[in-house]
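The primary structure of each chain is shown beneath.
Protein chains: 2
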Amino acid sequence: MSIDNAVRRVRDLIGERLSTSPSVLDLHGQNESYYAPTPPDAVATPHSTEEVAAIVKICGEEDCPIVAWGTGTSLEGHALAFNGGICLDLMEMNKVLEVHPEDMDAVVQPGVTRERLNEELRATGLFFPVDPGANASLGGMAATRASGTTAVRYGTMRENVLALEVVLADGRIIRTGSRARKSSSGYDLTKLMIGSEGTLGIITELTLRLQGQPESITAAVCAFPTLDAAVTTVIETIQSGVPMARIEILDPVSIRAVNISGDMTLPEKPHLFIEFHGSQAGAKEQAETFGEIAAGNGCEGFEWSANQEERNRLWHARHNFYYASLKLQPGCRALSTDVCVPISRLAEALLETAEEVREAGLTAPIIGHVGDGNFHVGFLIDPERPETLETAKRLTHSMNRRALRLGGTVTGEHGVGFGKKPYMTEEHGEGYAVMAEIKRALDPKNILNPGKVVDIN
Amino acid sequence: MSIDNAVRRVRDLIGERLSTSPSVLDLHGQNESYYAPTPPDAVATPHSTEEVAAIVKICGEEDCPIVAWGTGTSLEGHALAFNGGICLDLMEMNKVLEVHPEDMDAVVQPGVTRERLNEELRATGLFFPVDPGANASLGGMAATRASGTTAVRYGTMRENVLALEVVLADGRIIRTGSRARKSSSGYDLTKLMIGSEGTLGIITELTLRLQGQPESITAAVCAFPTLDAAVTTVIETIQSGVPMARIEILDPVSIRAVNISGDMTLPEKPHLFIEFHGSQAGAKEQAETFGEIAAGNGCEGFEWSANQEERNRLWHARHNFYYASLKLQPGCRALSTDVCVPISRLAEALLETAEEVREAGLTAPIIGHVGDGNFHVGFLIDPERPETLETAKRLTHSMNRRALRLGGTVTGEHGVGFGKKPYMTEEHGEGYAVMAEIKRALDPKNILNPGKVVDIN
Chain A
1 MSIDNAVRRV RDLIGERLST SPSVLDLHGQ NESYYAPTPP DAVATPHSTE
51 EVAAIVKICG EEDCPIVAWG TGTSLEGHAL AFNGGICLDL MEMNKVLEVH
101 PEDMDAVVQP GVTRERLNEE LRATGLFFPV DPGANASLGG MAATRASGTT
151 AVRYGTMREN VLALEVVLAD GRIIRTGSRA RKSSSGYDLT KLMIGSEGTL
201 GIITELTLRL QGQPESITAA VCAFPTLDAA VTTVIETIQS GVPMARIEIL
251 DPVSIRAVNI SGDMTLPEKP HLFIEFHGSQ AGAKEQAETF GEIAAGNGCE
301 GFEWSANQEE RNRLWHARHN FYYASLKLQP GCRALSTDVC VPISRLAEAL
351 LETAEEVREA GLTAPIIGHV GDGNFHVGFL IDPERPETLE TAKRLTHSMN
401 RRALRLGGTV TGEHGVGFGK KPYMTEEHGE GYAVMAEIKR ALDPKNILNP
451 GKVVDIN
Chain B
1 MSIDNAVRRV RDLIGERLST SPSVLDLHGQ NESYYAPTPP DAVATPHSTE
51 EVAAIVKICG EEDCPIVAWG TGTSLEGHAL AFNGGICLDL MEMNKVLEVH
101 PEDMDAVVQP GVTRERLNEE LRATGLFFPV DPGANASLGG MAATRASGTT
151 AVRYGTMREN VLALEVVLAD GRIIRTGSRA RKSSSGYDLT KLMIGSEGTL
201 GIITELTLRL QGQPESITAA VCAFPTLDAA VTTVIETIQS GVPMARIEIL
251 DPVSIRAVNI SGDMTLPEKP HLFIEFHGSQ AGAKEQAETF GEIAAGNGCE
301 GFEWSANQEE RNRLWHARHN FYYASLKLQP GCRALSTDVC VPISRLAEAL
351 LETAEEVREA GLTAPIIGHV GDGNFHVGFL IDPERPETLE TAKRLTHSMN
401 RRALRLGGTV TGEHGVGFGK KPYMTEEHGE GYAVMAEIKR ALDPKNILNP
451 GKVVDIN
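Sequence lines, in order, name chains A and B.
The numbers in the UniProt record's numbering rise by one with no breaks, and the one at position 384 of the first sequence is 384.
The numbers in the UniProt record's numbering rise by one with no breaks, and the one at position 149 of the second sequence is 149.
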């Protein structure tokens with residue numbers, strides 16, 4: 001039993017689609033956070049569920065770790081092979097298998113990216129709403145329970161995956177859920193797999209809920225005198241029942257990044273970026289209600305835009321925020337982290353975080369999916385000054401503890417991976433032991449993405 | 001180790017709140033379906049999570065089955081003590097513990113009923129949307145993953161429970177989730193417990209998402225020449241993006257029941273009952289769009305009602321449908337079952353079912369949450385003619401098989417309990433074995449509601 005044996009046997013199975021070339025290994029050892037490159041022992045590129053099952057079975061027999069890989073854009077070291085083993089690159093399982101316009105669902109392989117799916121859907125009048133910053137693979141998005149800017153209206157991956165096909169640690173293939181919109185038929189294995197980060201099974205197929213493309217989209221940008229005023233505006237808007245499609249908060253440092261990256265000239269103040277979806281009259285009415293609430297909270301420089309080009313530029317800058325923020329300090333890397341709190345505590349969480357960042361003398365844009373109480377900090381790390389990484393880690397620790405103190409969670413959408421594991425006991429108490437019991441039941445040899453989410457040894 | 005010992009020890013713990021009086025036992029052995037009364041050995045009425053934990057611990061030590069009890073309105077024998085043991089009546093844990101209007105959530109004990117919660121919320125401008133037919137307890141609703149008429153707009157219990165407190169089989173108390181709107185922090189234990197029907201843990205506290213009371217509600221009733229025309233109307237309305245709050249389909253037999261029970265005079269044809277929530281202008285616009293689509297599908301006798309009294313009468317008749325249907329044949333009981341299919345297959349499922357019912361000569365109203373592809377059949381059973389029960393069981397079997405053949409599930413919202421267990425292997429395949437593995441990991445002695453959902457011995 002050894003990793004070497006596993007690699008040999010998988011090569012026998014899939015030939016050249018098992019690679020040990022240094023450049024391929026390096027590529028699959030990279031990440032978008034601060035972790036050092038961690039190449040796996042081999043990279044396998046399966047083309048079917050049956051191949052995935054056969055590979056996992058071999059890995060089980062050989063006690064070889066197996067780590068699923070999509071676009072490599074996760075932020076907490078999820079897909080790094082810290083224990084070596086085989087990286088399972090699912091990006092060649094990338095077919096949109098079925099689209100059912102009447103049922104508003106689609107069946108896809110895990111290597112389809114969210115943008116690819118939406119391109120394929122364009123002519124149907126439907127779209128898939130979940131939009132993390134990266135153009136991530138849908139398999140990876142399900143595995144990390146990803147969300148993004150539209151979760152406030154359409155939900156996260158949790159609400160938008162109807163069914164999965166999953167390969168278990170012993171090579172069994174199961175199908176969870178169905179194309180029915182709802183079910184009370186037994187334990188919710190779909191939701192158990194979503195967010196399990198490849199530690200309970202490998203997702204080989206997804207059935208996704210789709211949404212109708214809105215008839216009309218209206219967007220706005222507005223500046224506020226304080227973060228508090230911006231958050232209050234959001235709370236009052238939600239309470240008024242206006243179904244915002246997107247509502248993002250950006251602190252002044254974030255605005256600077258967006259200005260640089262998007263070639264814009266927004267004032268360096270707290271901002272809300274908002275979008276409304278609906279009928280022509282509906283989107284307009286929502287926008288007007290919002291405008292009144294914002295004005296009541298001291299909003300300045302309110303700007304509407306039903307113009308698609310302008311809107312695209314705005315959201316493009318927002319979506320590329322991670323990359324934009326890197327431009328604030330050329331040559332730097334980022335430690336990007338996220339927490340989520342009840343929205344009534346969001347202003348407090350944001351302000352205390354901003355104050356700590358200021359005191360520490362770091363540059364760290366703060367940006368949030370404010371409708372969900374979820375926000376991100378991108379601590380900029382100077383590779384020449386290792387103390388900046390240490391400071392960023394200290395501030396991240398402080399953010400996590402604060403989120404828990406305020407009744408929230410240490411990650412709203414990035415996931416646990418390796419980086420958030422130290423907070424699991426504090427967040428979940430005895431529930432963390434229950435997660436380990438489930439992991440032990442489904443993967444007793446701990447071959448699936450070992451060392452992530454939960455330890456069982 | 002024995003049930004008798006457990007009963008004695010629980011009496012030592014909670015005194016008179018452990019009852020073995022025949023009338024109390026009988027009351028906790030009843031159900032609203034066709035199962036014979038099945039009284040437990042004792043009924044314990046805890047007042048706190050700690051008491052629940054202590055009772056469960058005793059039951060574990062004594063190998064005594066323990067079945068949680070709410071309002072006793074489940075339909076698949078969920079709460080019947082088929083293996084004897086202690087019935088845990090949670091209806092005296094019935095406090096609304098916290099309401100957070102800014103965060104639009106509430107923390108409740110499991111014995112609070114949905115109507116009680118909404119009464120307490122009235123002044124806040126918020127409401128809890130999930131509305132199964134019965135005025136069920138919120139703990140029971142979570143345990144069975146209940147939904148109702150508003151799921152098409154607001155989701156089921158799955159989407160509306162943020163966090164739980166749960167007592168596990170060994171007496172440990174865990175908290176799953178938090179008041180944050182979303183989280184990627186570890187396995188989704190909240191969703192694992194929702195729908196587990198008391199077989200993985202006893203829910204002792206729930207944190208629920210609330211919704212803003214809509215500014216305006218518009219309702220309509222319209223008759224269609226065929227079930228098919230009604231279903232097509234719904235599909236087209238959903239595709240048009242109109243956010244219906246409720247959309248129910250009723251077959252002619254159901255209309256007869258509603259007419260009798262609600263003192264109404266609707267024509268005995270397939271009907272849709274619809275409701276729109278929104279701003280004044282929004283609800284009106286939605287209603288108009290719907291009206292055009294319905295007219296295009298041959299809708300007859302379209303009737304709007306923004307009048308609250310009329311609307312209440314209509315929905316009251318719908319909500320009391322189960323009891324209304326019993327009036328079609330005085331003295332009868334009902335075997336009420338539900339399935340859920342992709343909406344594109346709904347017309348087929350409904351028509352084939354109706355045809356089979358007609359051929360068999362039974363009376364069985366068919367009613368559906370058509371926006372979700374979920375429908376119910378209430379087979380009327382004449383206690384004097386046992387063959388009617390046998391026929392109803394045969395037709396139920398046929399419905400379940402049909403739902404699976406059409407890509408659906410054998411239960412959209414009633415749950416598995418005892419009655420749907422025979423279909424679990426066909427529906428879930430190897431996934432059903434995974435459910436057993438999870439049950440075995442969390443309740444190795446099988447004391448929590450044994451014999452329901454999944455067997456592990």
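Take the hints with a grain of salt, since some may be wrong.
[To be verified] Taking lysine to aspartate or glutamate and the DMTMM-like style, the derived pairs with C-alpha atoms no more than 20 Å apart in a straight line are:
1. B/Lys57 x A/Glu430
2. B/Lys284 x A/Asp4
3. A/Lys269 x A/Glu352
4. A/Lys284 x B/Glu288
5. A/Lys57 x A/Asp4
6. A/Lys445 x B/Glu288
7. A/Lys57 x B/Glu288
8. A/Lys57 x B/Glu437
9. B/Lys57 x A/Glu288
[As the list claims (entries may be wrong)] Which chain B residues face chain A? A few, computed with CB under 10 Å, are given here:
10. Glu32
11. Thr71
12. Asn135
13. Thr190
14. Ser196
15. Met264
16. Ala281
17. Gln286
18. Leu404
19. Lys439
[Unchecked claim] The following residues of chain A were derived to be distant from chain B, with all beta-carbon distances above 10 Å:
20. Val24
21. Ile260
22. Tyr423
23. Ala441
24. Val453
If you are wondering where the hints come from, they were derived from the structure by calculation, not from laboratory data.
Each residue gets a CB set at the ideal place from its N, CA and C atoms; glycine is no exception.
A quick look at each hint next to the structure:
Distance hint between B/Lys57 and A/Glu430 is fulfilled; the C-alpha atoms sit about 16 Å from each other, no more than 20 Å. A distance of roughly 67 Å separates the Cα atoms of B/Lys284 and A/Asp4; the hinted pair therefore is violated under the 20 Å criterion. At most 20 Å may separate the alpha-carbon atoms for a hinted pair to count; A/Lys269 and A/Glu352 meet this at roughly 17 Å. Our distance criterion of 20 Å between C-alpha atoms is met by A/Lys284 and B/Glu288, whose separation comes to about 18 Å.
Using a Cα cut-off of 20 Å, the hinted pair A/Lys57 and A/Asp4 holds, with the two alpha carbons roughly 15 Å apart. Between A/Lys445 and B/Glu288 the alpha-carbon distance is near 59 Å, which puts this suggested pair outside the 20 Å criterion. Between the alpha carbons of A/Lys57 and B/Glu288 the distance comes to roughly 57 Å, so the proposed pair goes past 20 Å and is violated. Using a Cα cut-off of 20 Å, the hinted pair A/Lys57 and B/Glu437 holds, with the two alpha carbons roughly 19 Å apart.
Taking the CA atoms of B/Lys57 and A/Glu288, the gap is near 57 Å; set against the 20 Å cutoff, the hint is violated. Interface restraint check for B/Glu32: the shortest CB-CB distance to chain A comes to about 16 Å, outside 10 Å, so the restraint is violated. The beta carbon of B/Thr71 is not positioned within 10 Å of any beta carbon in chain A (closest approach about 17 Å), and the interface hint is therefore violated. Among the interface hints, the one on B/Asn135 is violated; its C-beta lies about 19 Å from the nearest C-beta in chain A, farther than the 10 Å criterion.
For the restraint placing B/Thr190 at the interface with chain A, the shortest Cβ-Cβ distance is roughly 8 Å, inside the 10 Å limit, so the hint holds. For the restraint placing B/Ser196 at the interface with chain A, the shortest Cβ-Cβ distance is roughly 6 Å, inside the 10 Å limit, so the hint holds. Taking 10 Å as the C-beta contact cut-off toward chain A, the hint placing B/Met264 at the interface is violated, the least distance being around 29 Å. With 10 Å as the threshold, the beta carbon of B/Ala281 comes within range of chain A, its nearest partner Cβ sitting at about 6 Å, so the hint holds.
With 10 Å as the threshold, the beta carbon of B/Gln286 comes within range of chain A, its nearest partner Cβ sitting at about 8 Å, so the hint holds. For B/Leu404, the shortest C-beta to C-beta distance to chain A is roughly 8 Å, which falls under 10 Å, so the interface hint holds. Hint status for B/Lys439 relative to chain A: holds, with the closest Cβ pair at about 8 Å, below 10 Å. With a closest Cβ-Cβ approach of about 29 Å to chain B, A/Val24 is found to remain outside the 10 Å limit, as its non-interface label requires.
Interface exclusion of A/Ile260 from chain B stands, the closest Cβ pair being 29 Å apart, more than 10 Å. Separation of A/Tyr423 from chain B is inadequate, the least Cβ-Cβ distance of about 8 Å not exceeding the 10 Å criterion. Chain B draws A/Ala441 into its interface by the beta-carbon criterion, the shortest separation being 4 Å against a cut-off of 10 Å. At the 10 Å boundary, the C-beta of A/Val453 falls inside the reach of chain B, the nearest C-beta of that chain being 6 Å off.
This entry does not satisfy hints 2, 6, 7, 9, 10, 11, 12, 15, 22, 23, 24, going by the numbered hints stated previously.
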